[in-house]
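Participant: Sequence:
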Amino acid sequence: MSRFALLLVPTLALTVLLSACAGQDPDGEAAAPAAAPGVTTPAPTADLAPSPAASPTPTAQVIDVTVAGGAVTGVGSRVEVPLNKEVVLRVTSDVADEVHLHGYDLKADVAPGGTVEIPFTASIPGGFEVELENSGLPLFQLRVT
Numbered sequence: 108m109s110r111f112a113l114l115l116v117p118t119l120a121l122t123v124l125l126s127a128c129a130g131q132d133p134d135g136e137a138a139a140p141a142a143a144p145g146v147t148t149p150a151p152t153a154d155l156a157p158s159p160a161a162s163p164t165p166t167a168q169v170i171d172v173t174v175a176g177g178a179v180t181g182v183g184s185r186v187e188v189p190l191n192k193e194v195v196l197r198v199t200s201d202v203a204d205e206v207h208l209h210g211y212d213l214k215a216d217v218a219p220g221g222t223v224e225i226p227f228t229a230s231i232p233g234g235f236e237v238e239l240e241n242s243g244l245p246l247f248q249l250r251v252t
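In this text, residue positions in the sequence shown follow the working numbering: the first is 108, and each later residue adds one.
The hints are simulated quantities; they were obtained by calculation from the structure and are not laboratory data.
Just so we're clear, the structure is a prediction, and the values are computed from it rather than from any experiment.
Accuracy of the hints is not assured; some may be wrong.
Restraint-style ranges between C-beta atoms, simulated for each label pair [what the hints assert, rightly or not]:
| no. | residue 1 | residue 2 | range |
| --- | --- | --- | --- |
| 1 | Ala218 | Gly181 | 17 to 23 Å |
| 2 | Pro189 | Ser242 | 28 to 34 Å |
| 3 | Thr252 | Pro219 | 31 to 37 Å |
Even for Gly, the Cβ is constructed at its ideal location relative to N, Cα and C.
Sequences are here, hints too, so could you generate the full structure?
Facilitator: What follows is the structure, given as structure tokens:
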């Protein structure tokens with residue numbers, strides 16, 4: 108065998124071995140491909156479909172809001188929630204609109220006479236408006252502390 112072949116065979120074997128292992132993380136899961144430098148991938152939006160069958164976890168804080176005739180009932184103008192608390196925002200409305208939790212950018216459409224639930228973890232401290240987006244009707248101010 109030539110000297111070139113003696114060097115080429117181990118080099119190729121090592122290359123094949125390393126490339127076979129390169130796509131796996133230590134747990135054996137396939138690794139996600141890396142993005143090309145300078146390329147940004149937009150974050151997925153958090154549009155949520157109505158989930159009438161979803162039931163909140165037993166420890167979740169449920170915030171029930173009703174909108175009827177342009178009036179908001181069920182909550183005061185401000186609702187306090189502890190940081191990292193599981194929360195379910197439940198909105199019943201007599202008009203079709205989009206319920207929007209600003210800051211978390213969570214949205215869900217509610218049908219006239221329907222109810223929509225938006226489950227989330229209160230992981231961002233601060234004050235955030237919850238409103239019917241299309242009509243601009245404020246529902247309450249969420250305060251996460």
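Participant: Please list, smallest to largest, the hint numbers that this structure does not respect.
Facilitator: none
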